[in-house]
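Colleague: Take the sequences, apply the hints, and build the full model.
Quick note, the sequences are listed as chains A and B, same order.
What the first sequence shows, in this note's numbering, is residues 239 to 476, in sequence order.
What the second sequence shows, in this note's numbering, is residues -2 to 345, in sequence order.
No farther apart than 30 Å at their CA atoms in a straight line, the calculated lysine-lysine pairs in the DSBU-like style are these:
no.	chain 1	residue 1	chain 2	residue 2
1	B	K287	B	K114
2	B	K230	B	K287
3	B	K171	B	K230
4	B	K171	A	K355
5	B	K171	A	K352
6	B	K114	B	K230
Chain A stretches covered by chain B per the calculated footprint, using a threshold of three residues with CB under 8 Å from any CB of chain B:
no.	segment
7	258 to 267
8	272 to 283
9	288 to 297
10	363 to 374
11	461 to 471
If you're looking for bench data, these hints aren't it; they were derived computationally from the structure.
What you are looking at is a predicted structure, and each value in this text was computed from that prediction instead of being measured.
Glycine included, each C-beta is placed from N, C-alpha and C at the ideal position.
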Amino acid sequence: MSAALALGDDALVLSHRLGEWAGHAPVLEEEVALANIALDLLGQARVLLSLVGDEDELAYLREERAFRNLQLVEQPNGDFAHTIARQLYFSVYQHLLYERLAAGDGEFTGLAAKAVKEVAYHRDHAEQWVLRLGDGTEESRGRMRSGLDALWRFTGEMFQPVEGLDSPESGVDWAALRSSWLVAVTDVVERAGLTLPAGPQSGGWAAGAGRQGLHTEPFGRMIAEMQHLHRSHPGASW
Amino acid sequence: MAAVTADQTTQKTLGTEDAVDADRVAAFDAAVAADERIEPRDWMPDAYRATLVRQMAQHAHSEIIGMQPEANWITRAPSLRRKAILMAKVQDEAGHGLYLYSAAETLGTSREELLDKLHAGRQRYSSIFNYPTLTWADVGAIGWLVDGAAITNQVPLCRCSYGPYARAMVRICKEESFHQRQGYELLLALSRGTEAQHAMAQDAVNRWWWPSLMMFGPPDDASSHSEQSMAWKIKRHSNDELRRRFVDICVPQAEALGLELPDPDIRWNEELGRHDFGAIDWAEFQAVLKGNGPCNEQRITQRRTAHEEGAWVRDAAAAYAAKHAPAQSSTQAPAPNSAPAHHVEETA
Chain A
239 MSAALALGDD ALVLSHRLGE WAGHAPVLEE EVALANIALD LLGQARVLLS LVGDEDELAY
299 LREERAFRNL QLVEQPNGDF AHTIARQLYF SVYQHLLYER LAAGDGEFTG LAAKAVKEVA
359 YHRDHAEQWV LRLGDGTEES RGRMRSGLDA LWRFTGEMFQ PVEGLDSPES GVDWAALRSS
419 WLVAVTDVVE RAGLTLPAGP QSGGWAAGAG RQGLHTEPFG RMIAEMQHLH RSHPGASW
Chain B
-2 MAAVTADQTT QKTLGTEDAV DADRVAAFDA AVAADERIEP RDWMPDAYRA TLVRQMAQHA
58 HSEIIGMQPE ANWITRAPSL RRKAILMAKV QDEAGHGLYL YSAAETLGTS REELLDKLHA
118 GRQRYSSIFN YPTLTWADVG AIGWLVDGAA ITNQVPLCRC SYGPYARAMV RICKEESFHQ
178 RQGYELLLAL SRGTEAQHAM AQDAVNRWWW PSLMMFGPPD DASSHSEQSM AWKIKRHSND
238 ELRRRFVDIC VPQAEALGLE LPDPDIRWNE ELGRHDFGAI DWAEFQAVLK GNGPCNEQRI
298 TQRRTAHEEG AWVRDAAAAY AAKHAPAQSS TQAPAPNSAP AHHVEETA
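Modeller: As structure tokens, this is what we get:
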């Protein structure tokens, strides 16, 4: 159950962040694309959270410390390059992880088999944009580099084995996942004419604790906005 | 339109070109009269083209500006099911904007050009989006009333004389009708919910009802574009006729919702077989149209800001595409500078 919560919260929170782009995207095609990705993730979140309990109780009535998502996905959108950097890091991870889950025969096999097709598109979308921005103009290159740098320290946490997916039967070898991720991300970043950030993949206590319910300051504000209407009408149906 | 008569053409002394024009006008008029579709390569009068560009641009702009009041509630949607519905709806609106800008491009204008005119205040979008979404119930009221009014206006456009517009409208109307049902269902849940939810729904209907009636445009005797558009079969019914049709649809739906329409003068007129309703405050309509609605400034500023802040992204995509384009043969003309970056990004 804790694995469903971790993966469900990742999808829920990233979907919310992407939803914040609606009406603000740089071009109409991206209004459609970002909303599409947000919807896929929200669909995944609803299935995963429903394995644990009532999806709305879980989304709207938990306190900040009870969320189990990665700190990476809760990071504010920043500019478009920042959002794309977050998409690259997360969607490559999610794609590789779901491929493994889909190939296994655990409780997530069916769900992962469906989601992996969606996530393949999210990954492609992110990779294509990293290439365009990295190899576009001087300005886009600088912004892409800043986005990749700023979020790098949140990537280490992704490879901490998720509780419930840490046995050999789960089909996930976390060390192998990490190296596959590094190879894939390095490839895209280098094709974009950029280099992978040099710093540590997790910084002190701050990055690496989302799975234990320790989040970053912007997350509290995010869920305050997300939960306020639901919490203002206790017991109401919508 | 008044067809060019034989008399008029023969009056001209050097009449060859005019005669050709007269033939074209006659062919165009005949096609419209026979309810045939005018297609992009067909000859059409300049004024017909200009009318369509104006109307399709305004429609496309309304879709993308219309994303704002609803997107305002995406991050606060009170259940995950409602959040998914709302996100999908706002995404559909972006999609409608895409079809409509593409349809307008068949008339020889570019999306870039139309967006520039929107941002410069030279083209309009529907005034309804200059009202704010103050509560969650407004999302339902927009679906039920605003999308409902839009459908009433737009269903006849599926038979519009211009082919690309008519075809885009077929798809758009299907999705709009889905949105309208979702809005209705959202309000029904609120109306049957707690006292506070019911009050929220009633308040939203109170605020959205009159602006929705204004969506059909000025009364027939004050509508500057109507007559010509009817003759060209761009428009099929008068503003007042569509407005009455909408009221007749809404009255029983409001009863089913358990909500009141904020007009004490609504009553069934047995003799005319339709509802009478109260007088519309056209001064408010004109004020909002002139830029003095509650959100005119906010909506256009957000639109401009998104566009300006996205310029570096579009520039990057264009630069990347130029670097990676297959080498052009020497006989081909270089791509015009005005080629919009959007074409590049359509592969995203």
